[in-house]
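Protein chains in written order, with my numbering: chain A, 3 to 88; chain B, 2 to 385; chain C, 184 to 476.
Because the hints were derived from the structure by calculation, they are not lab data.
Keep in mind that a hint or two might mislead.
Said to hold, decoys possible - DSS-like, lysine-lysine: derived pairs with alpha carbons at most 27 Å apart: (1) B:K313 with B:K288; (2) A:K58 with C:K343; (3) A:K85 with C:K443; (4) C:K429 with C:K471; (5) C:K187 with A:K54; (6) B:K202 with C:K187; (7) C:K471 with C:K450; (8) C:K452 with C:K428; (9) C:K443 with A:K53; (10) B:K335 with B:K360.
As the list claims (entries may be wrong) - Label pairs and their calculated CB-CB ranges: (11) B:Y215 with A:G38: 39 to 47 Å; (12) C:A351 with B:E383: 53 to 61 Å; (13) C:V441 with B:L114: 48 to 56 Å.
We put the beta carbon where it would ideally sit given N, CA and C, even for glycine.
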Amino acid sequence: MPLNIGCTARPGRGRDNKTGSWRVFYPIFTEETCTGCEICVLLCPEGCIEKKGEKKYVPDLDYCKGCGLCAEECPGDAITMEKEEK
Amino acid sequence: MKEILEGSHAVAEAVRLCRPQVVSAYPITPQTHIVEALASMVADCKLDAEYICVESEFSALSACIGASTAGSRTYSATTSQGLALMYEVCFNAAGMRLPIVMTIANRAMSAPLSIWNDQQDSISLRDSGWIQLYAEDNQEALDLHLLAYRVCEDHDILLPAFVCFDGFILSHTYEPVDMPTQEEVDAYLPAFNPYQRLDAKDPISFGMYATPDYYMEFRYENQRAMLRAKEAIVRYGTLFKEQFGRDYSGLIEGYELEDAEIALVAMGSICGTVKDAIDEMRKDGIKVGLLKIRCFRPFPDEEIAAALAHVKTVAILDKNVSLGSKGAVGLEIKDALYGSSIAVYDYILGLGGRDIRKKDIRAITKLAEQGSGDMFYGLREELL
Amino acid sequence: MVDKSIENFECGHRACGGCGAATAVRMILKGAGEDVIVVSPTGCLEVFTTPYPETAWKVPWIHSLFENAAAVASGIEASLKRQGRSEKVLVIGGDGATVDIGMLCLSGAFERNHDITYICYDNEAYMNTGIQRSGATPFDASTSTSPAGSCSMGNKHAKKDVPAILAAHGSPYVATASLSYPTDLMKKVETAVNTPGATYIQIHAPCCTGWGFEGDQTVAVGKLAIETGLWVNYEMVDGVLRKAKKVKRKPVEEYLSVQKRFRHLFKPKRNEEEIAKIQAIADANAAKFGIDI
Ligand SMILES: Cc1ncc(C[n+]2csc(CCOP(=O)(O)OP(=O)(O)O)c2C)c(N)n1
Ligand code: SF4
Ligand code: SF4
Ligand SMILES: [Mg+2]
Numbered sequence: 003m004p005l006n007i008g009c010t011a012r013p014g015r016g017r018d019n020k021t022g023s024w025r026v027f028y029p030i031f032t033e034e035t036c037t038g039c040e041i042c043v044l045l046c047p048e049g050c051i052e053k054k055g056e057k058k059y060v061p062d063l064d065y066c067k068g069c070g071l072c073a074e075e076c077p078g079d080a081i082t083m084e085k086e087e088k
Numbered sequence: 002m003k004e005i006l007e008g009s010h011a012v013a014e015a016v017r018l019c020r021p022q023v024v025s026a027y028p029i030t031p032q033t034h035i036v037e038a039l040a041s042m043v044a045d046c047k048l049d050a051e052y053i054c055v056e057s058e059f060s061a062l063s064a065c066i067g068a069s070t071a072g073s074r075t076y077s078a079t080t081s082q083g084l085a086l087m088y089e090v091c092f093n094a095a096g097m098r099l100p101i102v103m104t105i106a107n108r109a110m111s112a113p114l115s116i117w118n119d120q121q122d123s124i125s126l127r128d129s130g131w132i133q134l135y136a137e138d139n140q141e142a143l144d145l146h147l148l149a150y151r152v153c154e155d156h157d158i159l160l161p162a163f164v165c166f167d168g169f170i171l172s173h174t175y176e177p178v179d180m181p182t183q184e185e186v187d188a189y190l191p192a193f194n195p196y197q198r199l200d201a202k203d204p205i206s207f208g209m210y211a212t213p214d215y216y217m218e219f220r221y222e223n224q225r226a227m228l229r230a231k232e233a234i235v236r237y238g239t240l241f242k243e244q245f246g247r248d249y250s251g252l253i254e255g256y257e258l259e260d261a262e263i264a265l266v267a268m269g270s271i272c273g274t275v276k277d278a279i280d281e282m283r284k285d286g287i288k289v290g291l292l293k294i295r296c297f298r299p300f301p302d303e304e305i306a307a308a309l310a311h312v313k314t315v316a317i318l319d320k321n322v323s324l325g326s327k328g329a330v331g332l333e334i335k336d337a338l339y340g341s342s343i344a345v346y347d348y349i350l351g352l353g354g355r356d357i358r359k360k361d362i363r364a365i366t367k368l369a370e371q372g373s374g375d376m377f378y379g380l381r382e383e384l385l
Numbered sequence: 184m185v186d187k188s189i190e191n192f193e194c195g196h197r198a199c200g201g202c203g204a205a206t207a208v209r210m211i212l213k214g215a216g217e218d219v220i221v222v223s224p225t226g227c228l229e230v231f232t233t234p235y236p237e238t239a240w241k242v243p244w245i246h247s248l249f250e251n252a253a254a255v256a257s258g259i260e261a262s263l264k265r266q267g268r269s270e271k272v273l274v275i276g277g278d279g280a281t282v283d284i285g286m287l288c289l290s291g292a293f294e295r296n297h298d299i300t301y302i303c304y305d306n307e308a309y310m311n312t313g314i315q316r317s318g319a320t321p322f323d324a325s326t327s328t329s330p331a332g333s334c335s336m337g338n339k340h341a342k343k344d345v346p347a348i349l350a351a352h353g354s355p356y357v358a359t360a361s362l363s364y365p366t367d368l369m370k371k372v373e374t375a376v377n378t379p380g381a382t383y384i385q386i387h388a389p390c391c392t393g394w395g396f397e398g399d400q401t402v403a404v405g406k407l408a409i410e411t412g413l414w415v416n417y418e419m420v421d422g423v424l425r426k427a428k429k430v431k432r433k434p435v436e437e438y439l440s441v442q443k444r445f446r447h448l449f450k451p452k453r454n455e456e457e458i459a460k461i462q463a464i465a466d467a468n469a470a471k472f473g474i475d476i
């Protein structure tokens, strides 16, 4: 593919880099104690948590770096970090 | 229409006719009269542009980068210390492929501080990726601004350009100039049509960084665009000639060169003095001619080699010095003539405003004939 | 109203896990709305979002140099004005780019009062080049150019008060914020962007890598900064202090002791004298901004 003049790019290729491979721990979301506050969605540095339904939040494991911020800040303790089986 | 104008005002008028939408500049002698004139034009609604009165040259060119990327035709002007302060921004603008046009009222570099003319400032930025055009007189300075915008904004080129004219010698001298009308300029220079721009409707990221997997290719693309600019300057110079009658179709120009045995090579206002000296020497039977370089970047090496192929001796008049080496133009001419049997001598002269008279040109011609060169010419021996 | 559903920052960027700057930028882009053009100077944010050809930005974005973002933004604003376009111009830059090397361009842009919003994500050092001190590094923090050592307590200077400097330029809106208080942060961005003229927000953005804590603690550390009075969230409208977040203050060591950059204050032995100096900074902040409940 020829270079874009001036080293520019349109959005799209950013997702090529699957940062999920960096992960050591991964988050597990449970619905029971989820308050639906969505603070996890807001705080995730990757912006990789998606609302899939009522109290159903799903991290995109292609990109989740396993930082644990969502788990730490969840007021309902609905997210736990588990060691990744590689 | 013929008018008698100070060089700076002729340039400012030319810039106005090019309809820049954002002007951003910082005053410095001997460029000040240009930016003052443009500020007045904006104040009097004669120029419909945003004039950003910045706090430094560094910001002046940085603002041009922003404005150009956002989709405006932009203009700046500076010289010596101001240009040096822009060093980093110059490389950046060229790498980002922005068609910014900037006038350089050539001046010496400090230290020692000097407000007077030589060409060290722009020549020191020869590697920055800017097209560099040098004017012999104020008519040419004026005209080259039109040409520069036309070339730079071509989507096959997309490079910034310096239009260089000698500080004081041209910038502060009144000369008659033929000022084109707005209609004529509009017919030559179409409205700015950015290749790509910052736009919320079509988001693009500008100024990304390149890993070793990409960097070389971006530099190579810059180099190719520079080399294409040679052809574009010839093409748009020819168009200029058809429309305005003045001929800028060549990257170089010869004067009494066809049958010359000695060729003097020079850039900028010194060419006028050289031509007068040649007229005198020709009367004395000396077969001497001038090769004037109008376009220093891209460097017309093949054109120069062809134009000088028949001469025996070449004397380069360099108003700069690459300290620890030689004059920058001389080095490039030697490279262009590599392998030929032509004797090539470099003369560093006119630094910091040292006068160059016809008799100096005659003396240099003689030195070259005698095989003596690669030297500073015109030093005051009693001071050394 | 801030539209929290706006997501103009793409996954796949290369920030460290738990990066405060990345979280802050996601919030900034929600507060700024869709009609925005972003300028970023060289620094972590620029580097982790734009290795060619992979960009994380779904809004128009430009990087030119480390120290010229405010001038580039000035030029963009002038150009948009000329074209009659509506986009807001937003700079998002690091503290080094803002309070140190970019100060000239920043001062010029604010003096000319371009209609831009300049946001500094303040991670309190030059992180991209390996945690060197900046003018925003707090007193006694150990960085790679202000290392703590047998005869050094780390950074010798207090944080440069850039919000006050920019308020003194006549900025109509200057604010500070923290990523640990997202609603406040996003609302301030919205206010700044919609206030005509040159507006400024400095956002405390804890950096796990540079400060020395685990990535899951980014928000907690940010909260402690507020709760100890070492960071104050406030607004200045036309130079007048309007609102500062009140807190029931905790002792500064609760904030200091969780970060490796302050470890020398506690090990090998607790340095009461230095901790007291930092407590005095917090006390002075509390008095100045009236934050004590
Ligand atoms: C003129 C210049 N000097 C130095 C650098 C090296 N440099 C690049 S980023 C950076 C530090 C950035 O610090 P900051 O602005 O705080 O952003 P951070 O990386 O911390 O997010 C430095 C020193 C540069 N790119 N340009
Ligand atoms: S662990 Fe970190 S990266 Fe993964 S979803 Fe939670 S906040 Fe996002
Ligand atoms: S060093 Fe700090 S600011 Fe930079 S990416 Fe890592 S966490 Fe973010
Ligand atoms: Mg920083």
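Hints versus structure:
no.: 1; hint: B:K313 with B:K288; verdict: holds, 10 Å
no.: 2; hint: A:K58 with C:K343; verdict: violated, 44 Å
no.: 3; hint: A:K85 with C:K443; verdict: holds, 25 Å
no.: 4; hint: C:K429 with C:K471; verdict: holds, 12 Å
no.: 5; hint: C:K187 with A:K54; verdict: holds, 16 Å
no.: 6; hint: B:K202 with C:K187; verdict: holds, 20 Å
no.: 7; hint: C:K471 with C:K450; verdict: violated, 31 Å
no.: 8; hint: C:K452 with C:K428; verdict: violated, 34 Å
no.: 9; hint: C:K443 with A:K53; verdict: violated, 36 Å
no.: 10; hint: B:K335 with B:K360; verdict: holds, 25 Å
no.: 11; hint: B:Y215 with A:G38: 39 to 47 Å; verdict: holds, 44 Å
no.: 12; hint: C:A351 with B:E383: 53 to 61 Å; verdict: holds, 55 Å
no.: 13; hint: C:V441 with B:L114: 48 to 56 Å; verdict: holds, 54 Å
Going through the hint list in order, the structure does not satisfy hints 2, 7, 8 and 9.
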